[in-house]
Structures are given as C-alpha cells and as structure tokens.
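Whenever a hint applies, use it, and build me the whole structure from the sequences.
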Amino acid sequence: MANQKPILKAEDLSKRYEDGVLAVDHLNLEVHPGEVYCLLGANGAGKTTTINLFLNFIPPTTGTCYINNIDVTRDPLEAKKYVSFVSENVMLYGNFTARQNLDFFAKLGGRTELTKEDYHQVMRRVSLQEMAFEQRVKNFSKGMRQKLGISIAIIKNAPGILLDEPTAGLDPKAAAEFLEILRELKNEGKAILMSTHDIFRAKEIGDRVGIMKEGRLVMERTREELQYEDLVKIYIDYMRSEPLTA
Amino acid sequence: MSGEKMLTTIIKKELLNNIFSFRFLFVFVLLVIIVTVTVLILTDDYLRRVDEYSLRQNDIENYMRRYAHFNRVNAVIAPSQPPLPFNSLIRKISPDDYVIENVFGEFNSDPLPIMFPLIDLTFIVTILLSLIALLFSYDSICGEKEDGTLKLMLSNKLSRARIILGKIIGGTLTLIIPFLLSLTIGLLIIQFNPRISWSEANWRAFGLILLGSILYFSFFYCLGVFISSRHRSSSSSIMTSLFVWVILILLIPNLSPYLASFLSPAPSKIKVERDIERITMDERDELMRKMWREKQAELYKLYSILDENKNLTQEEQKRKAAEDAAYRKAYQILSEQFKIIVSEANRIQQDKISGMRTELSRKEESQMLLSLGISMISPLADFTYLATDLSSTGLRNMIHFQRITGEWRRLFGDYSEKKRDAIEKENPAIDSWNVAVDMSDRPRFQYKEEALAGRFKWTLPSFAVLIVYNLIFFLTAFFSFIKYDVR
Amino acid sequence: MTWTIARKEIVSNLLSYKFFIVILLTAILIFTSFFIMHRDYKQRLTDYSLIKPKPIEPIAVIPPNPLSIFSKGLEELMTRSFEINVIQITARSGMKSGNLLFSYFPVPDFLYIVRVVLSLVALLFGFDQVSREKERGTLKLMLSNSLSRSKTLVGKWIGNYLSLSIPFLLITLLGIVFLNLDPDIHLSSAHMVRLALILFFSLIYIGFFLSLGILISTLTKRAAASIVILLFIWAILVFIIPNLGTLLARQMVDVPSVKALSEKRQQTWTKEVLLGEEDRRKGESSWDTRYKNIYSEMDKKEEDFRNKFNSLVKLSKNINRISPVASFVYAVTDIAGTGIGEESSLKMAVVSYRNSIFSDVISALRSRVKKEYPAFAYRHRPLSQIFAEGALFDTAWLVFFNILFFALSYFAFVKYDVR
Chain A
1 MANQKPILKA EDLSKRYEDG VLAVDHLNLE VHPGEVYCLL GANGAGKTTT
51 INLFLNFIPP TTGTCYINNI DVTRDPLEAK KYVSFVSENV MLYGNFTARQ
101 NLDFFAKLGG RTELTKEDYH QVMRRVSLQE MAFEQRVKNF SKGMRQKLGI
151 SIAIIKNAPG ILLDEPTAGL DPKAAAEFLE ILRELKNEGK AILMSTHDIF
201 RAKEIGDRVG IMKEGRLVME RTREELQYED LVKIYIDYMR SEPLTA
Chain B
1 MSGEKMLTTI IKKELLNNIF SFRFLFVFVL LVIIVTVTVL ILTDDYLRRV
51 DEYSLRQNDI ENYMRRYAHF NRVNAVIAPS QPPLPFNSLI RKISPDDYVI
101 ENVFGEFNSD PLPIMFPLID LTFIVTILLS LIALLFSYDS ICGEKEDGTL
151 KLMLSNKLSR ARIILGKIIG GTLTLIIPFL LSLTIGLLII QFNPRISWSE
201 ANWRAFGLIL LGSILYFSFF YCLGVFISSR HRSSSSSIMT SLFVWVILIL
251 LIPNLSPYLA SFLSPAPSKI KVERDIERIT MDERDELMRK MWREKQAELY
301 KLYSILDENK NLTQEEQKRK AAEDAAYRKA YQILSEQFKI IVSEANRIQQ
351 DKISGMRTEL SRKEESQMLL SLGISMISPL ADFTYLATDL SSTGLRNMIH
401 FQRITGEWRR LFGDYSEKKR DAIEKENPAI DSWNVAVDMS DRPRFQYKEE
451 ALAGRFKWTL PSFAVLIVYN LIFFLTAFFS FIKYDVR
Chain C
1 MTWTIARKEI VSNLLSYKFF IVILLTAILI FTSFFIMHRD YKQRLTDYSL
51 IKPKPIEPIA VIPPNPLSIF SKGLEELMTR SFEINVIQIT ARSGMKSGNL
101 LFSYFPVPDF LYIVRVVLSL VALLFGFDQV SREKERGTLK LMLSNSLSRS
151 KTLVGKWIGN YLSLSIPFLL ITLLGIVFLN LDPDIHLSSA HMVRLALILF
201 FSLIYIGFFL SLGILISTLT KRAAASIVIL LFIWAILVFI IPNLGTLLAR
251 QMVDVPSVKA LSEKRQQTWT KEVLLGEEDR RKGESSWDTR YKNIYSEMDK
301 KEEDFRNKFN SLVKLSKNIN RISPVASFVY AVTDIAGTGI GEESSLKMAV
351 VSYRNSIFSD VISALRSRVK KEYPAFAYRH RPLSQIFAEG ALFDTAWLVF
401 FNILFFALSY FAFVKYDVR
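Residue numbers (my numbering), protein chains in the order written: chain A, 1 to 246; chain B, 1 to 487; chain C, 1 to 419.
FYI, nobody ran anything at the bench for these hints, they're computed from the structure. Keep in mind that the hints are not guaranteed to be accurate.
[To be verified] Taking lysine-lysine and the DSSO-like style, the derived pairs with C-alpha atoms no more than 27 Å apart in a straight line are:
#1 A:K81 - C:K18
#2 A:K142 - C:K151
#3 C:K221 - B:K13
#4 C:K301 - C:K317
#5 A:K107 - C:K42
#6 B:K448 - C:K264
#7 B:K363 - B:K483
#8 C:K52 - A:K107
#9 C:K221 - B:K269
#10 C:K314 - B:K271
#11 A:K186 - A:K142
#12 B:K320 - B:K339
#13 C:K42 - B:K271
#14 A:K138 - C:K18
#15 C:K264 - C:K314
#16 C:K370 - B:K271
#17 B:K352 - C:K370
#18 A:K138 - B:K151
#19 A:K203 - A:K142
#20 A:K81 - C:K317
[What the hints assert, rightly or not] Only part of the chain C face toward chain A is listed, based on derived beta-carbon distances under 8 Å:
#21 T2
#22 T4
#23 K8
#24 G137
#25 L141
#26 S144
#27 S146
#28 L147
#29 S150
#30 K415
#31 V418
Nothing here was measured: the structure is a model prediction, and the numbers come from that model. The beta carbon of each residue, even a glycine, is placed where N, CA and C say it ideally should be.
As structure tokens, this is what we get:
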C-alpha cells in the first residue's frame, strides 16, 4: 500500500505568521493509503498549524498541501471531499443527541442517504454505549465525545483522515479503544495523519513517526526502524537539545 | 489571614479582575463619550431656552408698559417656569407644558418630544447603568464555576458568605468608578460654562441623586449575582438577566399608568368642562327663571300692587316707580329680590361646579397615586421619581409650582383690587377694568425652587423602595450562593 | 447544503434555553401590549362618543384611529377636540390629561416592542452565532467539509431569521385575530393593508439587527466580549442617536417655543381688545379692524412657527436617520397615521375648517344667535402620499442597511480565523 500514490502530501510547506513566527519550516511528508503517520512534537512545534494548513484554515507562506493530488489552496472545496477531520476537545452541539450530531455532519460530508440504522451501526462500531445514541451530547464524557468525533469521521468515508491530538485527556482504556478503531480504519485503506504528543501511543499505532521541532521535521522513522531504537529516548533527546537555528 | 483581610482580598480581586477586563475598558470609554455628548447637547439646549425665556420676559415687560389693563392681564402675565440650571443634566416634565395644554388649550404643539423623548442623566442611569451592572454580574458565579476558579477559592479556608459579600462590594465599586469619572467630566463641562452656576442646594440635591444612582445600580448588581447563582452556564445566565431586565425596565413602568387608568378611571376632562359650561350658562339660566317665577308669585301674593302692574313692560314699570311712591317701594323690593335670586342661582351652580371639579381632581389624583404605586415596583420608576423630584423637573415641582402661583395670584388679586379702587376713587366714571393702567409697581411672579428638605421628604418612599430592594436581593443572592453546587 | 445548515440552526434553536426565553418574552410583551392598548383604545372611543360635537358647536374632532393600538404616536395630540372660537383654536384633551405619569414612560405599543425589544432579541440571536461555534469546535468541523463559507453563513442567517420571525409573526397574528373578535374594533381592509405593511417593516427591521448581531459575532473572539459591544450598539442605535439627534437639530434651527407663541397670542389679542375698547369709548367702532389685526398678526406668527417647525422636522429627520431605527419609527408611524406628517396634515385641515366657518362664528358671537356649522371631516393621508412624502425613502434606507450589514457579516465571516 505504501507504493500507492499518497492521499495526503505536504510539499515544501512553510508558514510564517504576521508576527514573524515561523510555525512550519519547509515540511515534506506523505501519507499513503493504509498508513498511519504520527506527527510528534511539543506544544507549539507546528503540528496543529500543519493540520490547519491541510484544511486550508490558513494559507501557506510557501509550498503546497495536496489531498488526493488536489492543491488545497487552489480548490479547497474539492479537496475537502477526500478528507475527514477529528478535532481536539470538541464540544459538538450540546442540545443535539449523538445521532443528530452525526446526521448533521454526515449530510455536510455529502452522505445524505443514510438511515437511522446506519448511524447506529457506526456508533456501535466505535463502542459508544447503545443508550447514548439518543442522549444529548452535553452530558457526555470526553471519551464519549471523542468516540462520536471519530464516528463522524468514519461516516464520511473519505480516503484521508486528519486527527489533532485525539487522545489528549482520555483515560487509558478509552485511548486504547480509540486506537483500535484507528487500526481498523488503517486496515480498510485509509490514510491517517495524526498529531499527538503521546509518545507511547505513537509508537503503538504509527506506521511512520515524524518529530517536529520548531516547525521542522527533524526526524522520521518507520515502524521497523523504531523496533531497534528507543523512541522515547530519541524524542526526549530532541526536546532537550539546543534550539535549531533559523 | 483574618476574616477582614480575607474579605478585603476578595474585594480587591473582584475589583482588579473587572478593571483589567475588556468589558470594563469598553464600558468606561463609551460611558464617558455618551455622558459628555449628552451633557454638551443638554447644556446648549438649556442656554438656548434661557435666552428665549429672557426674551419672552422682555416682551411681556414691553407689553405691560403700554397695554396693561386689568380685564385680561392675568392671561398675559401668567406665571411660567424658567429653565433651571439642573436642566443640563435632567429634564422631565415642565409646568409650562401642563399650563399650555390644560389652561390655554393651545392648538399649536411640538410633537417631537413625544416621538423622540430626550436623553438625560435619568436615561443614562436607568437604562445604561442597569445594563452595565447586569453585564458585569451575570457571570459572577457561574463564570467562575466555568473557569474553575470557584473551586479553587473554596478549597481554601474561606467562607461562602465572605465570597459573596466581597463580590457584591467589589462589583459595585467597579461600577462606581466609570460612573463617577464620567459624571465628573460632565459636571466639569457644566461648571466651566460661565453662564451656568449651581447653588449649594443644587449640589446637595446632586449628591442625593448620586446616592440614588448608586443604590439603583447596586440593586442590579445584586440581581445579576443572584441570577448568576441560579445558573450553571453564563450563556443561560445572561438570557435570564436580560429577560428580567426587560420586564422590570421596559414593561412594568410603561404599563403602570394604563393599569391605573383601568382600575381607577377618572371622568373625561372634556366632558366635565362641557358639563360645567352647560351648568354655568343654560342650566343656571333655567334655574334662575324657575326660582324667579316662584319668588315673583310669592311677592305678587304679598304685594298686590305688584300683581296689578305685572303686565307692564319694564320701561312702564320704571316710570310708574318714579311716579308712585307705594309702587316704588314694592318695586325696589322686587329688584332687590331679583338680584338675590341671581346671586343665589349663581352660587348654587358654582357650588355644583366646584363639587364637580373637586370630584374630578380627586379621581385624577387617586389614579395618579395608584399609577405611582404600581410603577414603583420597578426600580427604574423609583429612580426616575427621585432624580426628577430632587432636581425640580418632576411631579413634585408641578405641585410646588401650582402652590406658588396660587400665592402670587392672591397677591396680584389684592394689588388689582387696591389699584382699581384707587382709580375709581379718582374718577368714578372710568371703567377700571378696561382702561390702560401703569402697573409697573405690580408684584411680579418670582419662581423659587422648593426647599431641598421638602423635595427630599417627597422622595423618601423612592429611596426606601430602593434600599429595601437592595437588602432583599443581597440576601437572596447570599442564600442562593450558599447552596450553589460548585461541581 | 445551505438548507442542511439552516435546518440545523432551527432545530438547535428550538432546543435551546435562549430561544425559550426569547419567545416567552416576545409573547408576554406583545399580548400585554395588545391588551393594554386595546383597552386604551376602547376608553378613547367612549371619550369620543361623549365629546362628539353637535351641529351648533364649531368644533373639529376626529375619531380614534384603530391603528393607534399598534402605534400610538401622536394620536393623543390628534384626537383632541379643536374648538373654533374668536381668538384662537382651543384644543382640549380628553381623559388622560389628569395623570401626568403617562408622559414619564414611553407608550408600550407594538411599535415600541418591536423597536426596543425585538431589536435586542435579534441581536441576541446573532451575537454568538460564529464565536460560539468556534468555541465549541464545531466551526472547524463544519468547514472541514466541502462547504463554502458563503453557504454556511447564508444557512445560518436563514435558519436564525426563520427561528425568530416565524414565532414573532404567529404571536402577532394571533394577537390581531383576538383584537378582531371585539366588535367595537373595525379594522377595515385599508387598515389591514397598512397593518401588513407595518409587519413587513418589522420583519426588515428584525433582519437588520440579526445581521448586525452576526457581524459582531464575527468580529469578536469571545461571546462575552460581543455581548458588551452589542448592548451598547443597541442602546446607541435605538435610543441615543434618534433622541439626541432631535435635540441637536434644535440647536441649529431656531423654533420659538409653543409657550412663546401662546404668550404672543395673549398679548396681541388683549392689546387689540384694549385699543378697541378705547375706540368704543371715543365713539368709533373699530372691532372689525381689530379682529383683522389679531388674525393677520397671529396667522403670520403661526405660519412662521409652522415653517420653522417644518425645517426643524426635516433637519431632525436627516440627523436621526443615521440610525435605521429612526427610519423604522417614521415609516411605521406614518403608515399607521399617527406620525408627524399626519399630525401636521390634520392641523392644516383644522385651520382651513376654521377659515371656512370663521365669519359664521364671529356673526354668531355678535348676534348671540346659535348657528349650525358643517361637520368636520378628515381623511387620513393615503398610502401613496405617505410613501411620496418620505416612507419610500425610509423603506429603501432600511432595506439598504439590511443588505449592507448582511454583506459586511458575509465578508467578515469569509475572512474569519477559525482556529
């Protein structure tokens, strides 16, 4: 699967903000179908900015993001058809039930033909409790909301999935369940780009792991390579080392 | 830390937290702008009216020098309300408007103030400051819960009572700062104007109004804190606060006079006036005729000589009276009795009329009192009453004005009688009512504001209501917070 | 896609506390207003039947206008009884003149409710549309789909506008139906047309404030900041600009006060009467010239007053209309027939009535014989005239503001930073 064309591609991507901060510095990465790419880094390393660039929430200073070979800045609406998004800490529409939230976002994603049973199926798949389906989201725990968030991504059935710190604040059991779902999606052929600062999960789920520091991708390893190296040690070393020069 | 120190710490925290917030800066700037613009425009308008007032007085003096005569002089020198220095801050109702409408029935009118009532200090306090108070207090409790700082506070050795007390005091102090500062700027504008000067009584009245304002917005702050302590989220708290605000400020005062007029109706003024006209003219004439017929019959029975000559015309009767001594005596009695009947008929009708007028004003008064009572449920009405009455721009001034014009009328009436007697003594043939007279020595109407003590006494109920409201809502906020679920 | 968003807005609103409070408030206010103004109208009808003039009375009165239930405006001034007598036209008021507190607070009519409260409500609907979704994280979620920002904004606007305007219309129409049940209220078809126009203006007015609210929402980062800004803008647009604008205009156009006019009339009249008496004592009868003098002087002064007053009104309108709220007030009061234009048209009709019967009035006074006068008939200005004399401009102005602020919120949202 790694030989197929990448669904998500960043080519020489840079972003400098108005206040001069260089948030992303000549980033190159590719995510192929059936692959999970974990983007590791400290807060402010540029992970979230990268995801925002992929979604065209901000324009790049130089370089391009491609989703399914479509230039995201040139044709954002077309590009967004091929990617779904799971945000960090999403409150969703509190007065709506889980299913109503799912229904709304499914329609936005272009799936207008789904039935109630389809929604239930997806929610079951993410191990959301049966009785929560028709309950208002405002009473959900964080774990439940994350599950709902991923079910929104699943129901869109897009080839690419972007996740921004999805396991932050989840208890170990919920995090493990979440990763299990990601594994299933990867096996279905989805290209998954996930930003996180959870080293352990990254090592568990990532086919490839990239470390970002001050906007630059300073290291990239595959799963095989990581078997022989201690990711934790590498990560901490990078964090502790001198700041990179501009 | 001792209890008092804790309290001061909380108050300081509330104060600083508020002052360094965006909403404080925004509110401050806008309040200063609005107060400044309002004071500038009102001051200009006041000076314009002062100029017009002196022009009018000059015109009256010029007229009186040449054309003064007793028959219709009252209409010309009718007392009018001079503009007051306080009008650069507060304006409500003027006795002039009442007099023009109800005494002179003036056809021409100025409809603009009805469509667009003016903005003055009472508007700024009642509408803006109450909104601002709610804006600062609606998230006082639930906002801290949402931010997590409430739990933090309560994880210390700190009683809930101190927290709520500190919040309310700190919050009210926060509001006093922009209010006083913007008012000071307004006052400076007024005082720097060389044509306006305030007496000591004005300053004291202003101090009282200031006190009333603080009571007013501290009530709203307590209300906001109370509402805040009944909600889990700030977004629902602001909705409830605005709901209550609209009902208290925009609905209840406006409804009150209508409710009062339904519950305690007064008869139509026009109908009463028409009836009075009828009573003065037609009914009186009829009554007179009836009484005279009876009297005549009586007299004819008594004095046969009159009966014999009753069919003569008035001219013939007069001639006969001149010739016949016996007839003359009877005729004199007849004439006297006639005069008595006339004045009797007039008296009866006048009594009726004054009875009707008394009844009318009694009903109007009770309707107004009911109106006052109902409206005082709303703190907006209480503050409006105290501010306008203390500044002599309200109801109290109308009553006071009526009283002093009554006094002046009596003085002028005496003067008028004396002068006319003097003229008639000099020349009995002159019609002293319709001849031009030099009235330069007449008593002139001088408007003086009622003493502050009198005005203040009248506003005591409003102050009382505001104080009671403050107490009630302070206590409700207090008890509600004690039971607030901080999780 | 737009409709999906609009539908979501509507359903989301229906489930929210905010919506519940707003609808409750609207219902309470509108029903209370209709009830109170209805009773007030009935009282004035009774009053009118008591003061209707007999043919021997030279009095001009017009019956109360049922549309004044919705917009009281200058109705009190217009329904006074105007009695033509020798020195002046005397205007007398009916029931309300005894209770001074009526002038303390604004009349709670439908116009007031829409102007003051519904504008606030519409702002409250709009102000957290964008910032709230951002805080919730759902804005990013929405925009991660193949959905243009313009469609998103339009969907939000439509959804919220429908959530607001449909309940408002239903409540109002229900109120009107109840009013019509009263046999004493005759709302002719002409009245209904005007009422429909008033509702139309209200809907545009509400739309403007919704757009304004959404605009504020796109310009501020946190909902808590936007509520402060919103409330002040509301106070400035609804109260401060229209009301201070009028005062400002007075600084620039010098209009004598009504009291000055009244005093001048007393002076002129009594002076001429005195001179007439002196002439009579000398043996000359100069009453005719005297009366002529009174009239020519007073008519001149009154015309001067009316001209100056008209320029004041014009200038006032120009300043006030900076705020679309003033345009709304002018449009609704004009259409209801209780506005400034109608009042001055009525005054002119009364004056020409006086002129037509005046010689009869004088001769009746002299000969002490009661005469019969033709009845005073007044027709409210037709819609065509109302629109020609300013309502068309007000309509265009309101629509313009609507479009302008929708466009502004559109552009602001397109550039909105969703992160």
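Inset, instruction - Go through the numbered hints given earlier and state which of them the structure violates, listing their numbers in rising order. - result: Result: hints 1, 2, 5, 7, 8, 9, 10, 20, 21, 29, 30 break, sorted rising.
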